[in-house]
Amino acid sequence: MSTLHLIRQSAFTSNDFAQCLSVLDHQDSVVLMDDGCYNLKHSLMDSLIKRVGGSVNINIIASHAQARAIEIITAVNTIEISDVVELTFTHNKVITWQ
Amino acid sequence: MTQKEQKSSGASPQESVLAIINSKAPFSSSHGKDALDVALIFASFEQKVSLFFQGDGVYQLMDKQDGSLLGMKDYLKTFSAFEFYDIEDIYVCQQSLVNRQLGEDFHIDNVQVLSSIEFGLALNRHQHVLRF
Amino acid sequence: MKTLAVVITTPPYSHLTITALTYVEAALVAGINVIGVFFYQDGVMHANEDISIASDEYQAIEHWQRLQKQYQLPLHICITAAEKRGIACDAIDNDKINKAFTVSGLGELVELTTKASRLVQF
Chain L
8 MSTLHLIRQS AFTSNDFAQC LSVLDHQDSV VLMDDGCYNL KHSLMDSLIK
58 RVGGSVNINI IASHAQARAI EIITAVNTIE ISDVVELTFT HNKVITWQ
Chain F
174 MTQKEQKSSG ASPQESVLAI INSKAPFSSS HGKDALDVAL IFASFEQKVS
224 LFFQGDGVYQ LMDKQDGSLL GMKDYLKTFS AFEFYDIEDI YVCQQSLVNR
274 QLGEDFHIDN VQVLSSIEFG LALNRHQHVL RF
Chain G
-18 MKTLAVVITT PPYSHLTITA LTYVEAALVA GINVIGVFFY QDGVMHANED
32 ISIASDEYQA IEHWQRLQKQ YQLPLHICIT AAEKRGIACD AIDNDKINKA
82 FTVSGLGELV ELTTKASRLV QF
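Residue numbers (my numbering), protein chains in the order written: chain L, 8 to 105; chain F, 174 to 305; chain G, -18 to 103.
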């Protein structure tokens, strides 16, 4: 059972990202979108990348990051919204953290 | 259709249709009430629904609250009808309680306190998830 | 068959709606059977005929109308949430509600949820 997690809020203002990480499973995927893109620079992000040893698939919406002048790091895949549609069906369910 | 898709469309017998995650405190917004309305509708259509309380959502379960002091209809009182609606799976995140220095004094029975891992596993037993 | 139901809880003047619309349109273009969009909480404001957004801003309501027309996409608004926000009454011919939207109840959400292989909230 895998879950696709859509992260839409900055962890600097809300706990949504932290709550997502507390239930995250190693076969899940994460998509940073909207203000969720800011989480790339949050300390929770480092712990996510380290904790799972790179097994969780982490993605960011390219246009959402570029619009916010956020530099993308190599541990994260850049995708478009159309890829989120595909991810929706390659995972068993979707949880939106907003 | 691939086998994987076939397996994942339509709830299997051990899987509930909907999990609702409550993440907001009860009184300042309508999220808790809106989530409750969804839960009761699913239950009245005889669809299996489970309730999850995480983050500030755990405040919705705490005993000795009284929304009437704020001049509002206290929707938390409706939680006592869960049994009547056959809503039996009510889960609360232990870490969220600990972070808020809360004990396990809930205003309804039958609440299961789960570690983060168990909470995640319980969520996984549902076909769909909505979060309020 | 890949079937998708979408729940919208953000209002038309929120920029979060743009992401939701882009996602729904991408799903339709990809040939996914989007069995319905259910507007709940502030999402019901999308059906408000009286909302006027400056012409140089994102026209969320127009986009929903276009998708509804082009793909026969069912757009349901929750009547209780709509009444609370002053845009629904008992009359079927309600000039406050945009014609692209159908006034439904939460029962419709149950229907969509049980039928769809995926439910996504925005």
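Worth double-checking, as some hints may not be accurate.
List time: in silico DSS-like cross-link candidates among lysine-lysine, alpha-carbon distance up to 27 Å [to be verified]: (1) G:Lys50 - F:Lys221; (2) G:Lys96 - F:Lys206; (3) G:Lys65 - F:Lys197.
Between beta-carbon pairs, the in silico distance windows are [what the hints assert, rightly or not]: (4) L:Arg58 - F:Gln274: 39 to 45 Å; (5) L:Thr20 - F:Ile290: 43 to 49 Å; (6) F:Ser253 - L:Arg58: 36 to 42 Å; (7) L:Ile56 - F:Ala254: 19 to 25 Å; (8) G:Ala11 - L:Gln73: 32 to 38 Å.
Bear in mind the hints are in silico, worked out from the structure with no lab data behind them.
Note that the structure is predicted; figures quoted are calculated from it, not measured.
We put the beta carbon where it would ideally sit given N, CA and C, even for glycine.
key: Index of numbered hints that the structure contradicts, given in increasing order   = Violated: hints 1, 4, 5, 7, 8.
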